[in-house]
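Protein chains: 2
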Amino acid sequence: MTVRIALDAMGGDQGPEVLVAGAVQAVNARDDLEVTLLGDEEVLHAYLRAQSSPNQDRLHIVHTTQVVGMDESPFEAVRKKKDSSVAVAFKLHKQGEVEAVVSAGNSGATMAAAIRTLGRLKKISRPGIAGIFPTLKGPLVMMDVGANVDCRPQHLFQFGIMAAAFSQVLFANQRPRIGLLSIGEEGGKGNILVKKSHELFSKSSLNYKGNVEGRDIFHGDVDVIVCDGFVGNVCLKLSEGLAEAVLSMLREEISKDFKAKVGYVLARDAFGRFRKRVDYAEYGGAPLLGLNGTGIVCHGRSNATAIKNAINVAAELVCENVNDHILRLLDEVEPVLVAAAAGEETS
Amino acid sequence: MTVRIALDAMGGDQGPEVLVAGAVQAVNARDDLEVTLLGDEEVLHAYLRAQSSPNQDRLHIVHTTQVVGMDESPFEAVRKKKDSSVAVAFKLHKQGEVEAVVSAGNSGATMAAAIRTLGRLKKISRPGIAGIFPTLKGPLVMMDVGANVDCRPQHLFQFGIMAAAFSQVLFANQRPRIGLLSIGEEGGKGNILVKKSHELFSKSSLNYKGNVEGRDIFHGDVDVIVCDGFVGNVCLKLSEGLAEAVLSMLREEISKDFKAKVGYVLARDAFGRFRKRVDYAEYGGAPLLGLNGTGIVCHGRSNATAIKNAINVAAELVCENVNDHILRLLDEVEPVLVAAAAGEETS
Numbered sequence: 014m015t016v017r018i019a020l021d022a023m024g025g026d027q028g029p030e031v032l033v034a035g036a037v038q039a040v041n042a043r044d045d046l047e048v049t050l051l052g053d054e055e056v057l058h059a060y061l062r063a064q065s066s067p068n069q070d071r072l073h074i075v076h077t078t079q080v081v082g083m084d085e086s087p088f089e090a091v092r093k094k095k096d097s098s099v100a101v102a103f104k105l106h107k108q109g110e111v112e113a114v115v116s117a118g119n120s121g122a123t124m125a126a127a128i129r130t131l132g133r134l135k136k137i138s139r140p141g142i143a144g145i146f147p148t149l150k151g152p153l154v155m156m157d158v159g160a161n162v163d164c165r166p167q168h169l170f171q172f173g174i175m176a177a178a179f180s181q182v183l184f185a186n187q188r189p190r191i192g193l194l195s196i197g198e199e200g201g202k203g204n205i206l207v208k209k210s211h212e213l214f215s216k217s218s219l220n221y222k223g224n225v226e227g228r229d230i231f232h233g234d235v236d237v238i239v240c241d242g243f244v245g246n247v248c249l250k251l252s253e254g255l256a257e258a259v260l261s262m263l264r265e266e267i268s269k270d271f272k273a274k275v276g277y278v279l280a281r282d283a284f285g286r287f288r289k290r291v292d293y294a295e296y297g298g299a300p301l302l303g304l305n306g307t308g309i310v311c312h313g314r315s316n317a318t319a320i321k322n323a324i325n326v327a328a329e330l331v332c333e334n335v336n337d338h339i340l341r342l343l344d345e346v347e348p349v350l351v352a353a354a355a356g357e358e359t360s
Numbered sequence: 014m015t016v017r018i019a020l021d022a023m024g025g026d027q028g029p030e031v032l033v034a035g036a037v038q039a040v041n042a043r044d045d046l047e048v049t050l051l052g053d054e055e056v057l058h059a060y061l062r063a064q065s066s067p068n069q070d071r072l073h074i075v076h077t078t079q080v081v082g083m084d085e086s087p088f089e090a091v092r093k094k095k096d097s098s099v100a101v102a103f104k105l106h107k108q109g110e111v112e113a114v115v116s117a118g119n120s121g122a123t124m125a126a127a128i129r130t131l132g133r134l135k136k137i138s139r140p141g142i143a144g145i146f147p148t149l150k151g152p153l154v155m156m157d158v159g160a161n162v163d164c165r166p167q168h169l170f171q172f173g174i175m176a177a178a179f180s181q182v183l184f185a186n187q188r189p190r191i192g193l194l195s196i197g198e199e200g201g202k203g204n205i206l207v208k209k210s211h212e213l214f215s216k217s218s219l220n221y222k223g224n225v226e227g228r229d230i231f232h233g234d235v236d237v238i239v240c241d242g243f244v245g246n247v248c249l250k251l252s253e254g255l256a257e258a259v260l261s262m263l264r265e266e267i268s269k270d271f272k273a274k275v276g277y278v279l280a281r282d283a284f285g286r287f288r289k290r291v292d293y294a295e296y297g298g299a300p301l302l303g304l305n306g307t308g309i310v311c312h313g314r315s316n317a318t319a320i321k322n323a324i325n326v327a328a329e330l331v332c333e334n335v336n337d338h339i340l341r342l343l344d345e346v347e348p349v350l351v352a353a354a355a356g357e358e359t360s
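Protein sequence lines, in the order shown, are assigned to chains A and H.
Our numbering puts the first residue of the first sequence at 14, with every later residue one more than the last.
Our numbering puts the first residue of the second sequence at 14, with every later residue one more than the last.
Treat the hints as calculated values from the structure; they're not laboratory data.
On a predicted model such as this, the values are computed, not experimentally measured, just so you know.
Treat the hints with caution; some may be incorrect.
No distinction is drawn between identical chains; accordingly, a pair holds when it is met within one copy or between any pair of copies.
[To be verified] In silico lysine-lysine, DSBU-like type, Cα no more than 35 Å apart, as pairs:
no., residue 1, residue 2
1, K289, K272
2, K135, K272
3, K209, K135
4, K150, K250
5, K107, K272
6, K274, K136
7, K269, K107
8, K274, K107
9, K93, K289
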């Protein structure tokens with residue numbers, strides 16, 4: 014089976030060149046892949062020619078005339094710019110021309126276009142973004158990392174289900190261990206949202222391990238961490254900022270004495286391996302789960318490797334039918350949700 | 014003027030020995046300091062004798078018979094254990110025997126005892142914990158980092174005022190730059206709580222710099238970051254966990270090749286300086302601001318240096334009258350709060 018992916022080739026901070034390069038790397042790495050690049054035909058053709066891939070026949074271009082800027086208001090942009098690269102990408106998906114969309118552009122606009130065009134998966138109240146974090150043991154899926162800033166317990170419960178299905182598919186975890194991000198390990202700790210969500214998870218048949226704290230995120234003792242999109246986004250950006258700050262403080266201290274500078278040169282490979290371990294580009298992008306389709310949101314700063322990896326994650330999600338997994342898990346835990354919904358109505 | 018501090022000498026994970034050592038270091042470092050140690054008289058006497066400080070006359074012991082465990086329910090512990098080291102410490106404060114309390118014990122119990130015994134500062138709705146974060150430029154005050162998990166905009170606004178007064182006193186920032194933790198830089202971004210808090214700050218005469226994101230925390234471009242206690246506590250613990258994870262991944266990578274190991278030995282001093290820069294012990298503790306008095310919550314793992322520094326921070330807060338600064342700032346911004354309160358009632 015061939016997987017067809019649409020790439021918003023105008024989005025991101027780096028310009029179309031790295032996006033085209035990422036697409037070329039992706040089709041070179043996988044034989045079952047076709048990538049459609051959306052954007053200015055002339056520009057994209059030029060970059061494609063320069064790259065001269067042996068697999069040009071699996072790279073297509075669809076011309077679009079508009080671009081959504083990184084700072085534009087998402088909803089307005091999606092409403093007004095019908096011929097933007099990101100809008101047309103999701104239209105192709107809706108029409109069945111591709112099976113997934115990857116974008117490193119304005120992530121709010123990507124989400125808005127995705128939900129507006131594809132709609133939500135049956136029974137899912139709110140699609141969310143599943144971020145992938147490196148840990149001491151292995152990758153961790155955290156959801157939601159930015160799509161939903163004000164949530165209810167049912168939303169967090171559904172994030173847990175979607176992230177678990179994603180962890181099954183991408184990391185082959187049969188029964189992903191789910192933790193709920195809170196500020197104490199006991200079930201009674203946390204804010205109102207977390208306490209109520211804890212009750213839902215506890216009653217379910219999911220492999221729920223209870224509350225986890227901020228300091229546990231990087232231990233890797235759970236496969237999935239659930240939180241609302243505000244907290245998740247703060248965590249994602251804080252982690253990025255802190256990892257950079259740590260390296261930059263270390264560099265500053267190393268530059269202060271000659272012996273340490275020599276030491277750094279000797280340890281350079283180790284630093285390189287470390288950087289690879291914590292590099293966001295390793296997984297390339299964060300899927301928007303809960304869509305009636307497949308969409309991947311990439312970091313605006315994505316380089317070609319990140320784009321290649323994001324396309325690969327998109328292809329995996331399509332090949333492994335992550336949405337079927339989500340629906341199956343949802344059916345399994347249905348009784349808990351129905352009971353919760355009934356409680357909501359009477360309370 | 015002599016500053017008298019009560020130290021809960023039974024709290025913390027490390028046992029009384031390091032707490033006594035911290036108190037000894039504190040009185041040796043400051044001539045204007047007296048420390049009263051609360052706990053088992055016999056045990057504390059033995060450790061004091063072993064330390065043989067030249068300033069024994071400024072170290073006192075008050076015998077208490079009960080201890081609040083690290084995992085006990087705070088409110089129950091405070092209600093039932095009237096003769097616990099932490100409860101008696103705040104009683105001494107209330108009676109005017111000391112001017113501040115420092116505890117590395119169960120932080121929930123410390124807060125409960127503090128608020129119950131001393132009460133809140135006039136016009137403050139909710140006392141909160143002000144955490145100190147190292148950044149690339151200088152220390153940052155983040156508030157609240159754990160006392161209030163469900164907040165209203167007025168609470169966040171008051172956290173901003175209290176943290177600004179603290180930053181003035183401890184870090185000599187004349188007009189501390191205040192940021193509101195959110196998930197986008199524009200004022201319109203964030204959850205409902207943050208959007209409404211943004212309106213309050215924007216209308217005030219405070220030196221408000223708008224929203225800051227998780228990745229900005231370590232840049233040091235603001236002096237104060239405001240957030241609710243759930244988000245703040247997650248950030249605090251995540252930072253701690255991530256810094257440890259980063260160092261442990263680096264160590265793992267370094268141990269994999271001989272050249273890197275040699276390099277590490279050469280760069281060891283730089284690593285040491287780096288560790289000192291990010292060491293929580295540097296500031297020792299986090300003040301509970303908004304009390305009708307002074308209380309410092311220390312990390313359970315605090316070593317003697319951390320305790321010494323926490324006692325020093327407590328003494329600074331007393332000498333510089335941080336509570337007067339808070340009241341003065343509150344008076345200045347009063348109109349905004351009154352208008353907000355009126356809005357609350359009519360909405």
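Q. Between K107 and K272, at a C-alpha cutoff of 35 Å, which is it: within one copy, between copies, both, or neither?
A. This pair counts as neither: shortest intra-copy Cα distance 60 Å, inter-copy 54 Å.
Q) Given identical chains, is K209 near K135, meaning Cα to Cα at most 35 Å, within a copy, between copies, both, or neither? A) Intra 24 Å, inter 33 Å, cutoff 35 Å: intra and inter.
(Q) When Cα atoms must be at most 35 Å apart, do K274 and K107 count as within-copy, between-copy, both, or neither? (A) This pair counts as neither: shortest intra-copy Cα distance 55 Å, inter-copy 54 Å.
Q | Within, between, both or neither: K274, K136 at alpha-carbon 35 Å | A | For K274 and K136, the Cα distance exceeds 35 Å both inside one copy (57 Å) and across copies (54 Å).
Q: Go through the copies and call it for K93 and K289: within, between, both or neither, with a Cα cutoff of 35 Å.
A: neither (40 Å within a copy, 53 Å between copies)
Q) For K150 vs K250, is the C-alpha pair at or below 35 Å within one copy, between two copies, both, or neither? A) both (21 Å within a copy, 19 Å between copies)
Q) How would you classify K269 and K107 at a CA-CA limit of 35 Å: within, between, both, or neither? A) neither (57 Å within a copy, 49 Å between copies)
Q: Using 35 Å as the alpha carbon limit, work out where K289 and K272 are close: within a copy, between copies, both or neither.
A: both (25 Å within a copy, 19 Å between copies)
Q.
Treating 35 Å as the Cα threshold, decide for K135 and K272: within, between, both or neither.
A. neither (61 Å within a copy, 56 Å between copies)
Hint compliance for this structure: hints 2, 5, 6, 7, 8 and 9 are not met, and every other hint is.
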